[in-house]
Amino acid sequence: MGKTIAIANQKGGVGKTTTAINLSACLAEAGKKVLVIDLDPQGNTTSGLGIDKSNLENTVYDLILDECTIKESMNKVEDIPGLTVIPSDVDLAGAEVELLDVDGKEYILKNAVDYVKQDYDFIIIDCPPSLNMLTINAMTTAESILVPIQCEYYALEGISQLITTIDLVKKRLNNKLKINGVVFTMYDARTNLSSEVVETVKQNLNATVYKTIIPRNVRLAEAPSHGLPINLYDSKSAGAESYRNLAKEIIDRKDI
37 MGKTIAIANQ KGGVGKTTTA INLSACLAEA GKKVLVIDLD PQGNTTSGLG IDKSNLENTV
97 YDLILDECTI KESMNKVEDI PGLTVIPSDV DLAGAEVELL DVDGKEYILK NAVDYVKQDY
157 DFIIIDCPPS LNMLTINAMT TAESILVPIQ CEYYALEGIS QLITTIDLVK KRLNNKLKIN
217 GVVFTMYDAR TNLSSEVVET VKQNLNATVY KTIIPRNVRL AEAPSHGLPI NLYDSKSAGA
277 ESYRNLAKEI IDRKDI
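Using our numbering, you'd call the opening residue of the sequence shown number 37 and step up by one each time.
Rather than coming from a laboratory, the hints here were simulated on the basis of the structure. Note that this is a predicted model, so its numbers are computed, not measured. One should not assume that every hint holds.
To be verified - Capping the alpha-carbon separation at 30 Å, the derived lysine-lysine pairs in DSBU-like fashion look like this:
#, residue 1, residue 2
1, Lys206, Lys272
2, Lys212, Lys247
3, Lys206, Lys68
4, Lys212, Lys146
5, Lys153, Lys290
6, Lys89, Lys39
7, Lys247, Lys214
8, Lys68, Lys214
9, Lys247, Lys272
10, Lys284, Lys247
11, Lys272, Lys290
12, Lys112, Lys153
13, Lys68, Lys153
14, Lys68, Lys247
15, Lys207, Lys112
16, Lys68, Lys290
17, Lys39, Lys247
18, Lys212, Lys68
19, Lys39, Lys146
20, Lys69, Lys214
21, Lys112, Lys89
22, Lys107, Lys247
23, Lys272, Lys212
Given these sequences and hints, build the entire structure.
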């Protein structure tokens, strides 16, 4: 049965979607069957994996509103065997209001995913950069949360609130939920600040810190505009190697 990992950090611009795209692609490249769920109304994971948002029959919005089945919402990524996406677009921004009076609204995504969980090795959920009902749905569906943290001065800002939310969800909605680990992104080896941030987080967060650190990398930044994950856009770049290493670490872990 698939391991379900939500990628979450309420702070924007930390490499959350970049990690969702490239980790998923590298897990599939390693021979795993992977389902990616784009829960961000911006739909950047969808377009970053080469799926045309203007030509979608069903999205995660339709799935959440029970207007299609989970299999009807899926799109295969043509260039990456084993990788499937449930796409998102701007319509998803209205889901919060439409779910107000729905019973069991915290479990809508989980109930849908349970139908297909046994078909995948990994299910990766890209959360919006806010703590709303979509994020709650991701946390009730997942067993663990992967937290990308940018190597910058305000790295810990918002993390304490994220941890509080995770603890609350664990207590009230999903007692299996835990922090999978922290992955550092946008690391610049030329600055002392990046090294200091890594050490500060290790000292302050009671969570696994992945050995793989994602560098600040031009090719990594360019890839989404071409609708390609980094392992297809520039297979030999530092960014591609880093995400392959992160995928290997996650595959090798026995506790998630």
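Now the hints, each set against the structure:
The hinted pair formed by lysine 206 and lysine 272 fails the criterion: a straight-line CA distance of about 40 Å is larger than 30 Å. Among the hinted pairs, lysine 212 with lysine 247 is consistent with the structure: their alpha-carbon atoms are about 24 Å apart, no more than 30 Å. Our distance criterion of 30 Å between C-alpha atoms is met by lysine 206 and lysine 68, whose separation comes to about 28 Å. Taken as a hint, the lysine 212 and lysine 146 pair is honoured in the structure, with Cα atoms around 13 Å apart against an allowance of 30 Å.
Of the supplied pair hints, the one linking lysine 153 and lysine 290 holds, its CA atoms being roughly 18 Å apart against a limit of 30 Å. With a CA separation close to 27 Å, the supplied pair lysine 89 and lysine 39 stays within the 30 Å bound. Taking the CA atoms of lysine 247 and lysine 214, the gap is near 19 Å; set against the 30 Å cutoff, the hint holds. The straight-line distance between the Cα atoms of lysine 68 and lysine 214 is roughly 23 Å, inside the 30 Å bound, and the hint therefore holds.
Among the hinted pairs, lysine 247 with lysine 272 is consistent with the structure: their alpha-carbon atoms are about 20 Å apart, no more than 30 Å. Distance restraint check for lysine 284 and lysine 247: the Cα-Cα separation of roughly 11 Å lies within the 30 Å cut-off, and the hinted pair is therefore satisfied. For the hint pairing lysine 272 with lysine 290, the CA-to-CA distance comes to about 28 Å; that is within 30 Å, so the pair holds. About 16 Å separates the Cα atoms of lysine 112 and lysine 153, which keeps this hinted pair within 30 Å; it holds.
Proximity of lysine 68 to lysine 153 is assessed by CA-CA distance (about 13 Å); at most 30 Å being required, the pair is judged to hold. Pair hint lysine 68 plus lysine 247 holds up; C-alpha atoms about 21 Å apart against a cutoff of 30 Å. Between lysine 207 and lysine 112, the direct Cα distance comes to roughly 35 Å. Violation of the 30 Å bound is thereby established for this hinted pair. With a C-alpha separation of about 15 Å, the suggested pair lysine 68 and lysine 290 falls inside the 30 Å cut-off, and the hint holds.
Straight-line distance between C-alpha atoms of lysine 39 and lysine 247 comes to about 20 Å, which keeps the hinted pair within the 30 Å bound. Pair hint lysine 212 plus lysine 68 holds up; C-alpha atoms about 23 Å apart against a cutoff of 30 Å. Of the supplied pair hints, the one linking lysine 39 and lysine 146 holds, its CA atoms being roughly 13 Å apart against a limit of 30 Å. Straight-line distance between C-alpha atoms of lysine 69 and lysine 214 comes to about 23 Å, which keeps the hinted pair within the 30 Å bound.
Distance hint between lysine 112 and lysine 89 is fulfilled; the C-alpha atoms sit about 14 Å from each other, no more than 30 Å. Between lysine 107 and lysine 247, the direct Cα distance comes to roughly 35 Å. Violation of the 30 Å bound is thereby established for this hinted pair. Taking the CA atoms of lysine 272 and lysine 212, the gap is near 37 Å; set against the 30 Å cutoff, the hint is violated.
Violated hints, in rising order: 1, 15, 22, 23; the structure is consistent with all others.
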